[in-house]
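Assemble the whole structure, with the sequences as input and the hints as a guide.
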Amino acid sequence: MGEELKLLGVWGSPFSRRVEIALKIKGVEYEYSEEDLFHNKSALLLEYNPVHKKIPVLVHNGKPIAESLVILEYIDETWKDSPLLPQDPYERAIARFWAKFLDEKCVPAVWKSCMSVGPEREKAQEEALEFLSTLEGELKGKKFFGGETVGFVDIVANFVGHWTGVLQEMAGVDILTEDKFPVLCKWAEEFQNCPVIKENLPPRDKLLAFFKAQRETITNFYKNKV
Amino acid sequence: MADGGEVKLLGFWGSPYALRVIWALKLKQVPYDYLEEDLPNNKSSLLLQYNPVHKKVPVLVHHGKPIAESLVILEYIDETWKQSPLLPQDPSERARARFWAKFADEKCMPAMKAVFCSEGEEQQKAVLEARETLKTLESGLEGKLFFGGETINFADVATGYIGFWARIVEEITGTSLIDAESMPSLDAWSKRFLELPIIKECMPPWDKLIELNSGFLKMYLASLK
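As given, the protein sequences belong to chains A and B, one line each in that order. Residue numbers 7 to 232, in our numbering, belong to the letters of the first sequence in order. Residue numbers -9 to 215, in our numbering, belong to the letters of the second sequence in order.
Among the clues, some could well be false.
The calculated label-pair distances, taken between Cβ atoms and stated as ranges, are [what the hints assert, rightly or not]:
{"#": "1", "chain 1": "B", "residue 1": "K115", "chain 2": "A", "residue 2": "T183", "range": "37 to 47 Å"}
{"#": "2", "chain 1": "B", "residue 1": "L214", "chain 2": "A", "residue 2": "H58", "range": "23 to 33 Å"}
{"#": "3", "chain 1": "B", "residue 1": "Q19", "chain 2": "A", "residue 2": "E195", "range": "44 to 54 Å"}
{"#": "4", "chain 1": "B", "residue 1": "A170", "chain 2": "A", "residue 2": "T183", "range": "51 to 61 Å"}
{"#": "5", "chain 1": "A", "residue 1": "K59", "chain 2": "B", "residue 2": "M209", "range": "35 to 45 Å"}
{"#": "6", "chain 1": "A", "residue 1": "P56", "chain 2": "B", "residue 2": "L135", "range": "15 to 25 Å"}
{"#": "7", "chain 1": "B", "residue 1": "S82", "chain 2": "A", "residue 2": "A219", "range": "34 to 44 Å"}
{"#": "8", "chain 1": "B", "residue 1": "S204", "chain 2": "A", "residue 2": "E154", "range": "46 to 56 Å"}
{"#": "9", "chain 1": "B", "residue 1": "E185", "chain 2": "A", "residue 2": "V189", "range": "47 to 57 Å"}
{"#": "10", "chain 1": "A", "residue 1": "E196", "chain 2": "B", "residue 2": "L38", "range": "30 to 40 Å"}
{"#": "11", "chain 1": "A", "residue 1": "S39", "chain 2": "B", "residue 2": "A170", "range": "33 to 43 Å"}
{"#": "12", "chain 1": "A", "residue 1": "T223", "chain 2": "B", "residue 2": "D23", "range": "46 to 56 Å"}
The list that follows gives simulated cross-link-like pairs (lysine to aspartate or glutamate, EDC-like), each with its CA atoms no further than 16 Å apart [to be verified]:
{"#": "13", "chain 1": "A", "residue 1": "K60", "chain 2": "B", "residue 2": "E96"}
{"#": "14", "chain 1": "A", "residue 1": "K149", "chain 2": "A", "residue 2": "E195"}
{"#": "15", "chain 1": "A", "residue 1": "K69", "chain 2": "A", "residue 2": "E9"}
{"#": "16", "chain 1": "A", "residue 1": "K111", "chain 2": "B", "residue 2": "D95"}
{"#": "17", "chain 1": "A", "residue 1": "K111", "chain 2": "B", "residue 2": "E96"}
{"#": "18", "chain 1": "A", "residue 1": "K186", "chain 2": "A", "residue 2": "E133"}
{"#": "19", "chain 1": "B", "residue 1": "K97", "chain 2": "A", "residue 2": "E110"}
{"#": "20", "chain 1": "A", "residue 1": "K186", "chain 2": "A", "residue 2": "E136"}
{"#": "21", "chain 1": "B", "residue 1": "K198", "chain 2": "B", "residue 2": "E161"}
{"#": "22", "chain 1": "A", "residue 1": "K59", "chain 2": "B", "residue 2": "E122"}
{"#": "23", "chain 1": "A", "residue 1": "K86", "chain 2": "B", "residue 2": "D80"}
{"#": "24", "chain 1": "B", "residue 1": "K55", "chain 2": "B", "residue 2": "E(-4)"}
{"#": "25", "chain 1": "B", "residue 1": "K134", "chain 2": "B", "residue 2": "D177"}
{"#": "26", "chain 1": "B", "residue 1": "K92", "chain 2": "A", "residue 2": "D109"}
{"#": "27", "chain 1": "B", "residue 1": "K97", "chain 2": "A", "residue 2": "D109"}
{"#": "28", "chain 1": "A", "residue 1": "K69", "chain 2": "B", "residue 2": "D80"}
{"#": "29", "chain 1": "B", "residue 1": "K125", "chain 2": "B", "residue 2": "D177"}
{"#": "30", "chain 1": "A", "residue 1": "K186", "chain 2": "A", "residue 2": "E142"}
{"#": "31", "chain 1": "B", "residue 1": "K72", "chain 2": "A", "residue 2": "D94"}
{"#": "32", "chain 1": "A", "residue 1": "K12", "chain 2": "A", "residue 2": "E53"}
{"#": "33", "chain 1": "B", "residue 1": "K55", "chain 2": "A", "residue 2": "E97"}
{"#": "34", "chain 1": "A", "residue 1": "K59", "chain 2": "A", "residue 2": "D42"}
{"#": "35", "chain 1": "B", "residue 1": "K208", "chain 2": "B", "residue 2": "E161"}
{"#": "36", "chain 1": "B", "residue 1": "K16", "chain 2": "B", "residue 2": "E191"}
{"#": "37", "chain 1": "A", "residue 1": "K106", "chain 2": "B", "residue 2": "D95"}
{"#": "38", "chain 1": "A", "residue 1": "K106", "chain 2": "B", "residue 2": "E96"}
{"#": "39", "chain 1": "A", "residue 1": "K148", "chain 2": "A", "residue 2": "E196"}
{"#": "40", "chain 1": "B", "residue 1": "K55", "chain 2": "B", "residue 2": "D23"}
Please keep in mind that the hints were generated in silico from the structure rather than gathered at the bench. Backbone N, C-alpha and C define an ideal beta-carbon position, used for all residues, glycine too.
This is how it looks when you write it as structure tokens:
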């Protein structure tokens, strides 16, 4: 069809993996380009995302789209098979609400719980526990946030489903544990075992090694960005 | 074919987020019942019931089902009432509108709040950062009359509050954020948007907004001591 689809991403980023999961669910072919975020952002990245200079960026027929949640909506609207968002406007609103909650509350709190020090870390840990508890309440006995199959919110929750476990191990903190969050932990297991997800997650041991080695670089890089 | 049924909006007169929901409802001529919340200290049990996660306004309640988070509400309104569409048809244009809505909320507003809540050298630094974010927002206009081109769209409704909130901060703190010389396009857009009849008639009185936010600032500074 002559469509050009390119994704600028980073192998260890939950945000860029979200986009890959979405494209894989839809069975859409794309060209992937790995960015060296910390040391050497490509000219293409700076051209395609001059505002944030961040990944992921999806480039479709030469037009760039940035911000993973915006990209997910774009993907869902452009390729109609295997919808990510539900059909009903109210259900869609609920999904968007939880996606926002994940990105604005859960991700920063968990991140700071593992990467910060001192009082900021302690405060973040309290918040992380509160937010994860709220998230667990939303699952309420469903297999996935999307119901029987992985949906929009599950994809956005990939940070909780995979990265949280790695970060907390690296940091030596206990946040997402089975005794505290049995429902969420069960979901994380289902999530990680889902074939389309499994193929699109960075290997745990590689991710752990990466975060351990790069902790300082990453903390400095993400200061004020999360 | 207007979808009837109950529409309620829990809001606060001074909230820019509630205001943009009102703008959307008015633009689409959707009738609704408005419930004023007594913020910040006397939230209604209805609000706590309808938005237990954040306990904030605005909350739209349609057929008894609540939706919170104003950008989520705007999307819901656009999908439910199809007249006077807010989001464009084309997916990449929709993505562009959503991008700028997010940018205003996540970058411009916090940067302006930082100006509001600081003093002296710290404030000067905050002003520079806020102006950077506003300059970037201006780039989203691409020299056009509105984010939507000749007419307003989702991004204008979502980001329009930045125009008057910047002036509130300017007036209260004596700083300059949206400067006609260095940001001519943004300056013109903000004035143009706020002059649109439907937008203008929903605006709370200016002196009351100044009084309210001055009060908030006093409370905030007192809490630091």
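ask   = Which of the listed hints are broken here?
value = When the structure is compared with the hints, none of them turns out to be violated.
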